[in-house]
Amino acid sequence: MKHLLSSHDLSVDEIVGILDVADHMAEINTRSLPKVPALRGKTIASVFFEDSTRTRLSFETAAKRLSADVMTFMASSSSLNKGESLRDTIETLSAMGVDAMVIRHKSSGVPLTMTQWTDAVVINAGDGWHQHPTQGLLDAYTVTREFGTKDSLSGRSIAIVGDIKHSRVARSNIDIFRRLGAHVVVVAPPALLPKNIESWGVEVRNTIDDVVGEVDALYMLRMQLERMDSSIVPKLTEYCALYSLTPERAARMGSGAILMHPGPINRGVELIVDPTDVPGSRILKQVTNGVNVRMAVLFTLLGSGATTVLQQGGES
Amino acid sequence: MSESIVIRGATVVNPDAITLADVLIIDGVIAAVGGSLQADLELDGTGCYLSSGFVDLHTHLREPGKEEAETIESGSRAAALGGYTAVVAMPNTDPAQDNVETVRFVREQGIAAGLCEVVPSGCITIGRLGKQLVPYARLVEEGVTLFTDDGTGVQDAQLMQRALMLGKLLGITMAQHCEVASLTTGAVMHDGECCSSMGVPGWPSIAEEQMVRRDIDLVRVTGAKMHFLHLSTAGSVDLVRAAKAEGLPITAEVTPHHLALQDELLRGFDPVFKVNPPLRTAADIDALKLGIADGTIDAVATDHAPHAGHTKEQPLDAAPPGMLGLETALGVLNTAVTVSPQQIASLMSWAPARIAEVSQRHGRPIAVGEPANIAVWDTSTVWTVSRDHLSSKSRNTPFHGMDLRGRVRHTIFNGELVVRDGKALK
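Keeping their order, the protein sequence lines are chains A and B.
Just so you know, we're using my numbering here: the first sequence kicks off at 1 and counts up by one.
Just so you know, we're using my numbering here: the second sequence kicks off at 317 and counts up by one.
If you're looking for bench data, these hints aren't it; they were derived computationally from the structure.
Ideal Cβ placement from N, Cα and C applies to all residues, glycine included.
If you want the ones that stay clear, here's a sample from chain B, every Cβ over 12 Å from chain A, calculated:
id	residue
1	381
2	468
3	486
4	677
5	681
6	721
Here are the simulated SDA-like cross-link-like pairs (lysine to any residue), alpha carbons at most 20 Å apart as the crow flies:
id	chain 1	residue 1	chain 2	residue 2
7	A	106	B	584
8	A	106	B	586
9	A	2	B	584
10	A	82	B	629
11	A	195	B	599
12	A	106	B	629
13	A	195	B	517
14	A	195	B	510
15	A	195	B	498
16	B	382	B	636
17	A	106	A	85
18	A	195	B	522
19	A	42	A	67
20	A	235	A	268
21	A	235	A	246
22	B	382	B	637
23	A	106	B	583
24	A	82	A	72
25	A	195	B	583
26	A	106	B	502
27	A	195	B	581
28	A	285	A	274
29	B	484	B	539
30	A	106	B	510
31	A	2	A	119
32	B	382	B	411
33	A	106	A	80
34	A	42	A	99
35	A	195	B	509
36	A	195	B	578
37	A	195	B	597
38	A	195	B	496
39	A	82	B	634
40	A	106	B	634
Same shape as in the complex, but just chain A (with noise of 0.2 Å):
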């Protein structure tokens, strides 16, 4: 694996390797002093066309603790507002001298594309609708985590709720959960699944109200409310009516059942319950996860491969 653009890059035993090396990392991330400098001398860019806070943050925090140097591309402040073509920006980043890329573009396939414009490593975090692949591993690694269950979610359940057709986090969760051995429940309103869902292996329910008792974790997607112009559901009450999550839903959650968002969430919309008051809620330990993760997918991508490298202390 030289880069990471899609979950389906990954094999079964690939990923249940990163989650193993994200344990690892999550015990850095408790030190007094959370850094290793298991990636000295490497030098990570993120590069972002499209607007991040997690992602971005995350993964530069999870570069800086493994010791790479980081370097921030933001298309806002970019010459690509002076109408530089795509393929030139990444040849003149690559040009720099970095080993690893870390990609979010608004278009599918932007990160497979440009591996024809790089050596450096190209990691995807987020492209389009369609891959998002560390945000799967990180919210395996919660699921898995969370069940005591490391290395499988056989006899899982996961709904995931709400755009699932302009979602790259449900096509890599879906992905991921299903082939961990999870039943992956899909929740949508019918212009927002995709077309041949029925191929994706995944069963189909009409309404959270189906899900929200026999789940074991409650996985709920950004709906963007600019979709509500185009008719796509003829009213936001309509949707909050059959899709969002109210304090009497989440009150008919299982016990020991969990609540998952990516991120950011709309409140009001997706989230009428606040999450603060729902005790399964694992949205702020996503994020805690995510860092965790994303180290591990860092230093598996880029690391030497041993692990000893991190049992030493970083430098500050």
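Using the hints provided, position chain B relative to the given structure of chain A.
Just chain B, lined up with the frame of chain A:
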């Protein structure tokens, strides 16, 4: 008096027979068909078929407006290398071919290049904006017979009906790019399993079929001639088959790439495989082939659509649709579909010449006294396509690296040898 030419040893393909014969050309006309003919210049036709030159109903030459992608000269050269002696120039130029000046310019640039006849089409609506009809009669005086807004379909049914009423009056053909725009907003590729897992906006088959269905109804009401451009779905073929059985004056074309390539090729997000209409599924390809076999499909047309390199070096959703086609058409058709030499000549020359109304000069029998617009080609040479060795100014062929069977050897345009042994002579 120009140099006389004899092509020796080729199999002459005519609608009524295929026969081994030499063909002698003197002063732009076929002077003799038979044995032991002598001429100033002798060409080897052994192992080849000799037919009327190919006629492409669907060529984007990009001039005026996008000369960095193709010019009329470079496109004409690609056409000649593909065995074409006439190409219909699509009107989505800048300015669009909705006026006499632009139509004349395109025709004259074609004459200046002198590699094939460039036949300008006209727009159905001003600027191809779908709002206002073009004054057709003025363009008919300029010799335009085929009108299309290719690149987009005419969305407004009332406007299309009125275009067809005028088409009936003037005896011209309206050629539709069938696509209901509201169903293809942002569409990137065929709306199927592959598209859904790749997370890109889908291009549903019904977007094409809805407009085919509407236009068949409008032809029934108006009695005007209509040509369907680049059909890509099984449903479209069925609709056209039924309409033809009714006796409606409808013709239809498919492209070589829709016969050979599937949507699965987009998996690598390579914009070279992005095209409008999109590559479809194996079932659609089977239906298109059946349409060829039973005559529902009249013509194979390239939809040759050059794009400058940098425009295809974009994310899949941002890159423009379109593929090169002129130099590979024969090989792709012959490789992808089981067709006889007469079917090839019919699909690529005789039928498109009739549809484009150039059959006083092209798509004629190979017989004494006929104009010498001739292609000499085989169906056996296996060659590997290289985007670096095509003569188009652009490189966006989806067939790069593929082996094709069948190649054009010589092309004679107006009695002049323009391609010899697969090389353009000017």
